[in-house]
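Below, each chain spelled out in residue letters.
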Amino acid sequence: MRRAWKPWGALAWLSGILFVLPVLWMVLTSFHTESDAATNPPSLFAGLSLQGYEEFFGASTGQSPWPPLINSVSASVGSTVLVLLLAIPAAYALSIRPVKKTSDVLFFFLTTKMLPVVAGLLPIYLIAQYSGLLDNISFLVVLYTSMNLPIAVWLMRSFLAEIPKEMLEAAALDGAGLVTTLRRVVAPVAVPGIAATALICFIFSWNELLFARVLTGVVAGTAPVFLTGFVTSQGLFLAKMCAAATIVSLPVLVAGFAAQDKLVQGLSLGAVK
Amino acid sequence: MAALLLSPTLLVLGLVVGYPLLAAFRESLYRGGDALDADGFMVSGDRFVGLDNYTEALGSRFWTAFGNTSFFTFTTVAIEVVVGTAMALVMHKVIRGRGLVRASILVPWAIPTAVSGLLWRWIFQSDGVANEVLATDLLWTSDRWAAKIAVIIADTWKTAPFVGLLVLAGLQLIPNEVNEAARLDGAGAWQRLWRVTLPLVKPALLVAVLFRLLDALRMFDLPFVLVGPQKGSVETLSMLAWSEANQVRYGPAAAYSVILFLYVVVIAFVFVKMLGADLLGDKRKKGASA
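Chains as they are written, first to last, in the numbering used here: chain L, 1 to 273; chain X, 1 to 290.
Derived from the structure by calculation, the hints contain no laboratory data.
Chain L regions said to be covered by chain X (calculated; three or more residues, Cβ under 8 Å):
no., stretch
1, 8-14
2, 135-146
3, 149-162
4, 207-219
5, 241-252
Distance windows between CB atoms, simulated:
no., chain 1, residue 1, chain 2, residue 2, range
6, X, L134, L, G58, 31 to 39 Å
7, X, R144, L, E34, 27 to 35 Å
8, L, V189, X, G59, 51 to 59 Å
9, X, F271, L, S64, 45 to 53 Å
10, L, K165, X, E177, 27 to 35 Å
11, X, S60, L, L21, 34 to 42 Å
12, X, F25, L, T180, 42 to 50 Å
13, L, G58, X, L139, 31 to 39 Å
Beta carbons are placed, not taken as given, at the ideal position from N, Cα and C, and that holds for glycine.
So here's chain L without its partners, still in its complex pose (with noise of 0.2 Å):
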């Protein structure tokens, strides 16, 4: 049995490496100069450089990639608080205190996945249009919000379903009311739960790109949309391309790393359970 797991080990790992090396390749590339990076086949040991990094940031393109960068992080980590504060006591309500036919409640956020988002998208751009929030960053901070909100509830759902009657019976007892039962309880128990949503919502909206791109223009433009446009001006600069992607990938990378096996766990329990 000792023996036996070896082979295994090697094929996970070699499918791991598989998996992981088109991005280590762009990592690379956007440590490398222009020149190095242009060449073919790609010169993999050549000197590091942070030359791609200092165009990119320095602007030299004519766009600063600050504001759609800063977009990003106030539509995802906006959108994240509201999903939170939403999905909570929606949770609560359908795990702790089932309402009656909870099932069909959960079954109906299962239909919201169905709606395909470009059916939504037009209907969605009139309503921006019509109220003025057109390339408005708070528009996609609402969008995001419902867009994540059915998944939310659902792995929310599963979280809280772990905590002891016992001690929400316990509480009750001592005259807790709704609000300090939450807040002393359920909240200590959820938090790893409520860390592993909030890094899959932040994700999602993140790395969003359809209602994006429909939705906003110079203004409040986020980093994906940015990036799909920083192609088509910048797009022969490899290496600075490679930075570009390399920036907007790192906030997802460094929370999934972060929060591997919370993520793994949230995204299981959601399904499984």
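Let chain L serve as the given structure and place chain X on it in line with the hints.
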């Protein structure tokens, strides 16, 4: 009390998801812009055109996009299930460094599609890595089938890990004793896989497939970034609707969207009906006991 806690969420979903659907349906019955009426006068603004948008939508471009959407959905989901399950089975055996392997496999799923689309565009350039490694001279993004294959490869790279992680989570719930017992009864490795492991992991797998189906049918950004808009070889229904809306043809765009929505609902319904005994059965039980 419970209703009070639920209502903000239901309200937001109703407003931001329910309303657009109704509005899209209404929009699909109208056509905007200027036109000449029967007497040759200019009329502007939205006109009610009944089902005209739908009958006109069903042209060859629609059928190509419909074919692409279905083709991508079924091939990518099938490949991703096989690759993802294999990855999960392998990862399950790993004891040392499982966390790191898992984290590295999470990378393709986590990075923005805008980035992965770009990455694969470089790989599939005419003088890119793909041609180098395969010793071919394919024009990946303009050749019909090569472009499709490029999209499938990139999508598999991006989402097979997601399937793998869900299946891995399912695998970890299977008690070791079950496998051990089967082994003692003389079941071979292959038999154990088909008769014990896979049936037990089926609920997790079905959920993964359902989520993937719903997402793949709405595929947009990967072909958009990798190959580009308005390329018949990879244009999906979402991309078609987007490109119509982009040209201010809102009526037809809404018609395409409604058709796609109905398609997704039908597929999800059929899936849940056919294979969903585990899926819904589990959920019912949970709902009742919770």
